[in-house]
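Input sequences plus hints: build the corresponding full structure.
Those protein sequences? They're chains W, Y, U and P, same order as listed.
All residue numbers for the first sequence refer to my numbering, where the first residue is 1 and numbers rise by one.
All residue numbers for the second sequence refer to my numbering, where the first residue is 1001 and numbers rise by one.
All residue numbers for the third sequence refer to my numbering, where the first residue is 2001 and numbers rise by one.
All residue numbers for the fourth sequence refer to my numbering, where the first residue is 3001 and numbers rise by one.
One or more of the hints may lead you astray.
[To be verified] When the alpha-carbon atoms are kept at most 20 angstroms apart in a straight line, the in silico DMTMM-like pairs for lysine to aspartate or glutamate are as follows:
#, chain 1, residue 1, chain 2, residue 2
1, Y, Lys1471, W, Glu83
2, P, Lys3003, P, Glu3052
3, Y, Lys1471, W, Glu80
Derived by calculation from the structure, the hints in this document are not laboratory data.
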Amino acid sequence: MAMIDKEKFLAERQKVLQGWPTGQEVDIKEAINYHKNMDQEKIVINKLLQARAERLTLIQPRAGVALPAEHIKLLKYLYEEGEADLLPTTIDSYTRQNQYREAEQGIKESEELGRSMLNGFPAVNYGVKVCRQIIEALPVPLQVRHGTPDARLLAEITLAGGFTDFEGGGISYNIPYAKKVSLEATIKYWQYVDRLVGYYQEEGVRINREPFGPLTGTLVPPSISHSIAIIESLLAAEQGVKYLSLGYGQNGNLIQDVAAVQTLRELAEHYLHKYGYEDVEVTTVFHQWMGGFPQDESKAYAVISWGAVAAALSNATKVIVKTPHEAMGIPTREANASGLKTTKQIVNMLCDQGIEQTTRLDLEKKMIRLEVKQIIEKVMELGDDDPALGAVRSFEAGILDVPFAPSSYNVGKVLPARDDRGAVRFLNYGDLPFDREVKAFHDDKLAERGVSEDRDVGFQMVIDDIYAIGKGMLIGRPRG
Amino acid sequence: MAMIDKEKFLAERQKVLQGWPTGQEVDIKEAINYHKNMDQEKIVINKLLQARAERLTLIQPRAGVALPAEHIKLLKYLYEEGEADLLPTTIDSYTRQNQYREAEQGIKESEELGRSMLNGFPAVNYGVKVCRQIIEALPVPLQVRHGTPDARLLAEITLAGGFTDFEGGGISYNIPYAKKVSLEATIKYWQYVDRLVGYYQEEGVRINREPFGPLTGTLVPPSISHSIAIIESLLAAEQGVKYLSLGYGQNGNLIQDVAAVQTLRELAEHYLHKYGYEDVEVTTVFHQWMGGFPQDESKAYAVISWGAVAAALSNATKVIVKTPHEAMGIPTREANASGLKTTKQIVNMLCDQGIEQTTRLDLEKKMIRLEVKQIIEKVMELGDDDPALGAVRSFEAGILDVPFAPSSYNVGKVLPARDDRGAVRFLNYGDLPFDREVKAFHDDKLAERGVSEDRDVGFQMVIDDIYAIGKGMLIGRPRG
Amino acid sequence: MDKTTVVLGVIGADVHAVGNRILEYSLKQAGLNVINIGVMSSQNDFINAALETGADAIWVSSLYGHGEMDCRGLREKCLEAGIGDILLYAGGNLVIGKRDWPYVEELFRGMGYDRAYPPGTLPETAIIDLEKDIYKKGDKNWRPC
Amino acid sequence: MDKTTVVLGVIGADVHAVGNRILEYSLKQAGLNVINIGVMSSQNDFINAALETGADAIWVSSLYGHGEMDCRGLREKCLEAGIGDILLYAGGNLVIGKRDWPYVEELFRGMGYDRAYPPGTLPETAIIDLEKDIYKKGDKNWRPC
Ligand code: B12
Ligand code: B12
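In C-alpha cells:
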C-alpha cells in the first residue's frame, strides 16, 4: 500500500458524497479557501504545537447535542465557564453507524420534545453550512470526536465545514466501536479519510488527526494501545497526514501512566522515522480514566483529579476530561464545566512541578518499549512491511488483540489484570508475540498480587478490577 | 522544667475546674474508669497505630455545631455518608477564648433560630455528660479540635467526657490563634493539659495528643512547622504524654510535601530519643491546603484531591479533609461529606502505589533536616536545654518566627514565597539561625523564579502567592 | 425441571461490551442458561433468539443513551411473535443524561418492561428478582442462588 | 486636602490575619491613610481608633463566622460616639456557612453598614467604592486610584 492515487481518490469521493443529500454541499476547492481564510487561532494544530513547546497541558471536553443552536450554546458555555482550551463536537451514535435516517428521526424527536434525544451532534444530517455556523460561533478551535467505522462522509462534511482536527482510525474506531465490520474495510475507509486530510495538507491546509487511544477504555495495557496508535500513525503518514495526536487512556497507576505517555511520542517518532516519515509532528493526548466511574459525584471528582494529575505530570499535550456525571449519563453542561474546572485547577497547580525519571519509571518504559517492539516487528513481518496488511493479519492471528472489544474481528483472548500496585498487566497473553522476558515480568507482577491477596491469580481478579474504580478502589481486592 | 509535680498539679486542677460551673462535673477517678470500660474501637490511638502499621491513611473531617443533637446527627452523617475513619468535635471560637458567656448566648440564639450561630461545639458549656452522649452515639473514636490558647478547662471536661485525642499546643494554639496572650502563659497552660494526659496515661488510659501542625496555614515552610512540632513534642513527652500525632499543612509542591511528612516523624523521633523519651509513639497528620481556597466548588475539589494525593503518597497516618465550601463558610454536612468521599477515593486508589526516593526528594529532605537542626539547636541553646524556656526566648529573638501570625509574641519578620516549582522558600529569613548553605539554597531557588518571571524577587510575589490557589494556580505568576 | 433461559444482549447501535460480558458470566455462575447475542443487537435479534431457545426472559442492556428510542416496541414485537408474556428486563444507562430514576422506571414500565434497573446495578440484584418473578409465574421453581 | 483615613481591623474573637495584612498593604498602595488595629478587635477598639484619627471610614473584617453577632450594634456605638455618619464597610466570611449573598448583604445593611462584601472580594473593588462614597459625601475630592 502506498498513498491512494489522486484520480482514484477523486473518483471515490464522488461516490462517498452521494451517501446523503448534504454530501452535495461539499466543494473541496471552496473548502480549502475557507480554511485558508480562517483565523490562525482557530486551527487546532497551532494550539497543540504551542502547548507542546511551552510544556503545557490543554484541556478539552466531550460534548454534542442534537440541535445546532443548543450545541453552540453548550460549547460556548464550556469555553466560558469551563475554561476549555479546545472544543469538541461529539457525534451521535446513529451517525457513527451511518444510520442517517435514524439520526433524522432523533433530530425530529429532539425538536418536538425540546431535549436532545441523540447522544451527540448529527453533523452529516446538518451538512457543511451548519458546521461552519458552529465553527464561526466559537473563539477556539474544534475537533470532531466520534467512533465511526466508516467516517468518509462525516470527514468530508466536517472538514469542509471548518473543523481542523478529526479523531479516529481504521483500527481504533472499528475494534472498540463495531461488531461485524471487517478490519480490511475500515482500514480502507480510514485511508480515505487520511488521504482527504493529506489532500488538504497538499493544498496548504493543516488538519490534525488523532487516532483513538483508549480503545475499549477498560484495563488496556499500554503496549496494546501504543502498538495500534503506531500502526495508525504509519497508515496516516502514508496518506500524507503531517500532524498526529496520539492518545492513551489512563490506567490509574501513576508511574505506568507517565511511562506510557512518555514512550508514546518517543516510539511513534521512532517508527515514523524508521519508515521514512521524517516530517510528522506528534503530540500526545491523555484520557482521564475511560472505564466505569463511581456513581457518587464527589468520588468522580477524585477520579477526574487523579487523571488530571497524571496528564500534567506526564506532560501530555492535552487531556480529555470526564465529568462528575460520567457513571450516570451524558452530562449537563454544568457537570461538564465542573469536570473541566477541576482539571484546569490541577493542571495549573502541577504544570511547573515535573516528575523525575526514577528506577520504576525507567522499568515501566523499558517494558513498554520491549513489548511494542515485539508486537510491531511481528505485525510488519506478517504484513510484509505493509502496516495495513500487517494489521489485518495480526488481528486474525491474535498478534493484536484488544481486551473486551465487541468486534468479531478481534480474537479476544487477551485478559488484563492489575498488579499489586495497580499497574495493568497481562493475565492472559492470548497470541501476543511476547518473549520470555516480557512474560516473566507480567507473571511475576501478578503472582505478587496473588500472594498479597492470598488467592489464585485468575479471572475473578479481572472482574474485581473492572468494578474497582466504580466502587472506590483502584485494585479489585477481594472483599471482607 | 520537668514533669509538673503531682500535688501542685492537683491543686491547680481545683482552680481550673472552677472556671465554669460544668467544671464541677469532672471526677477524674470516675473518668478513668469510664475510659477503661470504653470499647477498644473507640480509642483513637488504636486506630492510628493500626493504620501506621498497615501503611494506610485515615480520613478525618472538621465539624462542630452549637446544639448537641445536631452535632451528633452531623457526625453520624459524616461517618455513614462521608466514610470518615475518625471523627472530630470542633470547638467554637468563643469557647476557644474562654468566653463561655458569649458561647452561652450563641447557644441561646441557635436554639431560638434553629440554626447554629456558633462556629463550633461549645463543649465547656455543655459539660461532661453531654460529651459522653456524643461519644456514645458514635461508632468511631473522637478527637477535640479547637485553637484554644488556654484549654485547661476544655481538656478537663472533654477528656472526662470520653474523648481520646486532644489537639493543640502551647505554641501552635497561641501564635496563630491569639493576639496578646503571652507564650510563657500558654506553654504553662499546655503543660497542664499534657500533664493531665500524662496523668490519665499513668492510670492506664491512652490519650493521643496532636500539636497543631499547619500554624497559620499559609505558606509556612516545613522547617518552621517541624521545629515547633518537635518542641511541642518534647514539652508533651516531659509531662508524660506517650502518643503524639504530628501535623503538617500541605504547601502544594508534591516533592516538598512528601519530604515534609517523611522527615516529620523521623526528626521528631530523633529528638525525642535524644532527650531521653524512648517510648513515645509518633504518627503523622497531613492537612489538605490550609490557606485560601478557590470559591468555585469544582476547583475546590481539585485542591482537596491534590491534598489527598500528597497525603497518600507521603503515607501520612491521617489526613484532615477540607470541603468544597471552604472559601465560602462552614460547610453543610453534605459538602463536608463530599470532601471526605473525594479524599477517600483518592486515598484508596493511591494506597498501594507508593513513591520513590528520588534526587529531588532527597534534597528536600536534606534541607529540611538541616534547617530544623539549626533551629532546634539554637532553641535548646537559648533555653539552656529546656524546650519551654527555649521556645519563649526563641520567639522573642525571632529564632522561631511564624509567617502571617497574629500574635504580638511573634516577631513576624519571616516572609515565605514559592520557588519556580511551587515549593515554599524563604524570601526573608528574619532572624532565623540559618547558615550560609541554607540561605544560598533558598536564595538560588527564588532567584530562579525571578528569572523565569522576569521580575524582582520581592513582596509582590508573596501577595501573588497568597492569592494563587484561590485563583486557580499554585504559583502567583505575574498576570498578563 | 429445565434450567431458566435468559436471552442477553445490548440493543441498537450500542457497542458497550464490558457490562454484557460480566452479566453473561454472572448469570452462568448463578446456574442459568444464557444466550448472549452480544452488542449491537436489533429487536428482531432478541425475538429470534428467544423463539429459538424458548427463553423465559429477555435482558436488554442499553448504555449509550438511545435506550428510550431503541427499546420502544419490543413488548409489542413479543406479542406479535407469540411470546407476549416473556419476562422483559432492561438495564444500563437507559436514557440520555442523569435523570430521576423513578421517571425512567415509569417510562420503561409504560413500554411494557417488567423491570428496569438504574446505572450501577449489580447482576446479583436482578438475578434475585428474576428468581422471584419466575417463581411467581409458577412455571418453574428453580432457585438460582 | 487631607488623605482619606480608614480604620481597619478584624472584629470579635477572630484571628484571621492574612486578609487583614493584604488589605492594609492594598489601602496603602492606593495612597490612603490606614490605621490597622489588627485581629481580635472589639467594637470599642474600632470606635476609639476612629475618634482618635478622625477617620472617614471603618473597614470591619469578619472571617470566622461570628460576624453576625459581633458586628451588630457598631453603627449605634458610632452614633453614641458622635461619629454616626462615618462610612462602615464589612467584608470577609460574614456569616456562618455558605449563604445567599443578597440575604447577607441585606442583613448587614439592616445593621447600618454602608456596604458589605462577599468572600473573595479583592481590595481594589472596595477601594473604588470608597472613593465613590467619599466623593458623594462631598467632604473630599481625593481619588485613591
Ligand atoms: C467504557 C465506556 C465506553 C467504551 C466502550 C468499550 C466497549 N466496546 O465496551 C467506549 C470508549 C468505546 C465508549 C463509547 C461510547 N460511549 Co461510553 N462509556 C463507557 C463507560 C465509561 C463505562 C461502561 C462500562 O464498561 N462499565 C462497566 C460495566 C461493568 O458496567 P455497565 O456497562 O454499566 O453494566 C453493568 C450494569 O449497568 C448492569 N446492567 C447493564 N445492562 C443491564 C441489563 C439488565 C437487564 C440488568 C439487570 C443489568 C444491566 O450490569 C452490568 C454489570 O454489572 C460508561 C460510563 C460509566 N459507567 O462509567 C460510558 C457511557 C455508557 N458511554 C456513553 C456514551 C455516550 C458513549 C458514546 C456514544 C460517545 C462517546 N463517549 O464516545 C460511545 C458509544 C458508542 C456506541 N455506539 O455505543 C454514555 C452514555 C450516555 C447516556 N446513557 O446518557 C456513558 C454513560 C458515559 C457518559 N456519562 O456520557 N464508551
Ligand atoms: C487560613 C485560615 C485559617 C488560619 C488563620 C491563620 C491566621 N491567624 O491568619 C487558621 C488555621 C488559624 C484558621 C482558624 C480558624 N478558622 Co479559618 N480559615 C482560613 C482560610 C482557609 C483562609 C483565610 C485566608 O487567609 N484567606 C486569604 C485572604 C487573603 O483572604 P480573606 O481572609 O478572605 O480576606 C480577603 C477578602 O475576604 C477581603 N476582605 C476581608 N475582610 C474585608 C473587609 C472589607 C471591608 C473589605 C472591603 C474586604 C474584606 O479582602 C481580603 C484580601 O483580599 C479560610 C477559608 C478560605 N478563605 O479559603 C478559613 C475560614 C475563614 N476559617 C473558618 C473557621 C471556622 C476557622 C476556625 C473557627 C475553626 C477552624 N477551622 O479551626 C478558626 C478560627 C479561629 C479564630 N478565633 O478566628 C471558616 C469561617 C466560617 C464561616 N464564616 O462560616 C473559614 C471560611 C473556613 C470554612 N469554610 O470553614 N483559619
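Against the structure, the hints:
Simply put, Lys1471 of chain Y and Glu83 of chain W have alpha-carbon atoms about 13 angstroms apart, close enough for the 20 angstroms limit, and the pair holds. Between Lys3003 of chain P and Glu3052 of chain P the CA atoms are separated by roughly 15 angstroms; this keeps the pair inside 20 angstroms, and the hint holds. For the proposed pair Lys1471 of chain Y and Glu80 of chain W, the alpha carbon gap of about 16 angstroms is at most 20 angstroms, so the pair holds.
The structure shown violates none of the earlier numbered hints.
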